[in-house]
Amino acid sequence: MYRALKPIIIKEFRQIRRDPTSLGMLLLLPAALIVLTGYALNFDVKHVPMVIFDQNKSPESRALLEKFKHSEYFRYVRDVDGYTDIEEDFLHGRAKAAVVIPVTFAHDLISGRDTHVQILVDGADANTAGQAVGNATRLVLDYSTRMVADFFRRMGREVYVPIDFRPRVWYNPDLVSSQYLVPGLIGFILVLTAVISTSLTVVREKERGTMEQIMVSPLRPVQVVLGKTIPYLLISLVAATVILILGYFLFGIQVKGSMLLLYAGIVTIIIGALGQGLLISTVTDSQQVAFMISVFSSLLPSFLLSGFVFPVSNMPVVLQVLSNLAVNKFFLIVVRSVMLKGAGLSAVWPQFVYMIIFAFATLGISMRRMSKRSV
Amino acid sequence: MIAGGNRKIGEGSWWSVIFEIIRKEFYQIRQDRRMLGVSIAAPILQVLLLGYAATTDIKYSTLVVCDMDRSEQSRAFLKEFTNTSYFVQRYSVVLPDEMDPYIQDAKANIGLVIPPGFGRHLLARQSAQVQVVLDGTDANTANVLLNYANQIVATYSQSVLIRTMKTAPSVRVGRIIPEPRIWFNPDLLSQNFMVPGVVALVLMIITMTLTSLGIVKEKELGTLEQLMVTPIKPYQLILGKLLPFTIIGFADMVIVLTIAHFWFQVPMLGSLPLLFALSGLFILTTLGLGLFISTIAKSQQQAMLIAQFFFFMPFLFLSGFTFPIANMPVLIQYVSYVIPLRYFLEIVRGIFLKGAGLGELWPQAAALLLIGVSIITLSVARFRKRLE
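Listed in order, the protein sequences are those of chains A and B.
Going by our numbering, the residue at position 206 of the first sequence is 935; the numbering climbs one at a time, nothing skipped.
Going by our numbering, the residue at position 92 of the second sequence is 77; the numbering climbs one at a time, nothing skipped.
Derived from the structure by calculation, the hints contain no laboratory data.
Ideal placement from N, C-alpha and C gives every residue a C-beta, glycine not left out.
Possibly wrong hints are sitting among the right ones.
No more than 30 Å apart at the CA atoms, straight line, and that leaves these computed lysine-lysine pairs for BS3-like [claimed, not checked]:
1) A/K735 x B/K283
2) B/K64 x B/K204
3) B/K92 x A/K740
4) B/K151 x A/K740
5) A/K935 x B/K92
6) B/K202 x B/K370
7) A/K1070 x B/K92
8) B/K151 x B/K202
9) A/K935 x B/K151
10) A/K740 x B/K202
11) A/K935 x B/K283
12) B/K92 x B/K204
Calculated from the model, a selection of chain A residues having no Cβ within reach of chain B, i.e. all distances over 10 Å [what the hints assert, rightly or not]:
13) I739
14) H776
15) G859
16) V869
17) Q942
18) F1020
19) K1070
Where chain B lies over chain A, by a calculated footprint (3+ residues, C-beta under 8 Å) [claimed, not checked]:
20) 843 to 855
21) 955 to 967
22) 986 to 994
23) 1023 to 1032
24) 1092 to 1099
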């Protein structure tokens, strides 16, 4: 069995070597991407461009607006004189938030009445808008509470903070996006490279007519499939290791759990993804179609459907069921649990079972299809 | 394979030459039924699925509560949480440690601990502690939840302060009440933001793949050389090759825009003709990029890897599709200026959600035109050089 396997592996490696550009891309680009995206990607909503519409122009209103100008969550753009200006700025994208102080602001406060401050937000980007609203609301509430406290202090009373609020954030206390995204990126990049690199292997030989030659040789389909996947498995393992090292040195992301378990997960997902690529390769007749199917079955689902950026639990139920087709979903749970939470096999075995089933199914169907052709 | 029939290519007027190449190209596309099927069916499926998947909405979060005080005050405080649309109390535990598994296994998103003495402290005008525990792995979700919790606590704390400090009803103290209003997408549906984005993405992938692989394939098969020795001029060949893909691209666009508007109910506030015109500019850039890839790739596999790693992935991450550009390091913000998808996303979202017109969107349109013209000029130059 092994002796028959060796020549195929050697042949596949030779083909890879003959195309150093592709090999370089398979090894170096994952590293480049992790650096680029690890620095660039975050959901932190800071420095939201903001305009101010102060209809009161009193010392009181200016004191509150100062807080906005000095907040890291907002970036002061300019003062405006009306709602049409705000709309203009929103439309041109010059501002995404606006604070409107009513005419009666100072008068209300001095006479002991509640006053309202409007916070306008451009809602097109729902996530940014939601966070900007939250940050502005908190800023106003904090200011208001301090003002109320000052009022009582001036009356000679001892002031206290009624609720001493102590949030405790587990696993990622500073709420750094890269802690969440970089482990996810490992799965994303591995699945993509594996699917793309294998999805062309068989179909390429079909287009060139060399598949027939392999088929008439005494090789069994299992040997062909293994011979075609093992080289890419090795390349992907190297790429994964590079990513882990960079993640540690650049972003300080440590593997809290067992390294062995993490690599077991990496090998399983790579085999599953290679199986997916091979399956695409056996069902298509041209490289063009194979590429399109692999992009639409790996790039977008791995990005959007797997929970890489958008939590699966927020999706409609039907889609939560469909998300099971994106094998990356299970790997993401494994890699995040093992890396960030230090989880053991007892916590992630269901994911392993699913990934193994996926790998067997895709590889099995690919072999069946290949043996049928040869008959 | 080369001509759709027995006609000779390269004879006749300027337009008839291009027309012949288009005919041949369509003939080839028709022959490859699967290819045509994938280029039409894939965008539909993708938009339908991913339109639902791409959501940052956090509808409601489950709460696990450990109320060790069980006083009137602690119950009133809890009500502040459960009265909002953000939190639903799902579990109650007796001891704080019992909360851990709920958070660990993500059965509850947020845990609330009210220590004993909460009510007593408040009545005595002393600070009362409240602890909140949450899983920070998903930093974005955790941030949103923490923000909600902070708002509820700050509002409650302020009202308790006023209530307990007032010595007489005649003492009046004003508060500043924040009043958030959201324009353009009042319900903060992330779908309205994401679906136009998915439309742009799918359009880009289809047109770039078709062009780059279509031309490299002919190179691999050697049929490109055959076309070269005919009297067809390079630009005629390129034009004839690009036009069919433009037509498929536009057909895809009409389909996915229809789905976005009628299926996902994304409001269409702006002008449809403007959207089509500017989409044409965007397709110009993606076809140009496809052509460019085909001039540097030696095989279809290389073309695929280049498209995937140098274009699709960076575009996906750096165009502002999901991650706001304003949050990126300045250097990377500069990189995003050469990404056509960035401008097209601003255009699609602006026209759909804000009803923006050319008065607002001309800089984006100009950028697309500039990128499109330069990349096509560059690719045509490279293409000709290879041929000569």
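Status of the hints after comparison with the structure:
1. A/K735 x B/K283: holds, 28 Å
2. B/K64 x B/K204: violated, 70 Å
3. B/K92 x A/K740: violated, 50 Å
4. B/K151 x A/K740: Distance of about 86 Å is beyond 30 Å: violated.
5. A/K935 x B/K92: violated, 49 Å
6. B/K202 x B/K370: With Cα atoms ~19 Å apart, B/K202 and B/K370 stay inside 30 Å; holds.
7. A/K1070 x B/K92: Distance ~16 Å between A/K1070 and B/K92 Cα, so the pair holds.
8. B/K151 x B/K202: Violated, because 82 Å separates the two Cα atoms, which is more than 30 Å.
9. A/K935 x B/K151: violated, 85 Å
10. A/K740 x B/K202: holds, 23 Å
11. A/K935 x B/K283: holds, 18 Å
12. B/K92 x B/K204: Not satisfied, since the Cα-Cα distance of roughly 56 Å exceeds 30 Å.
13. I739: Answer for A/I739: holds, closest chain B Cβ roughly 19 Å.
14. H776: violated, 6 Å
15. G859: violated, 5 Å
16. V869: violated, 4 Å
17. Q942: holds, 18 Å
18. F1020: violated, 5 Å
19. K1070: violated, 7 Å
20. 843 to 855: holds (count 13)
21. 955 to 967: violated (count 0)
22. 986 to 994: violated (count 0)
23. 1023 to 1032: holds (count 6)
24. 1092 to 1099: With 0 residues in contact (Cβ-Cβ under 8 Å with chain B), the coverage given for the region 1092 to 1099 of chain A is violated.
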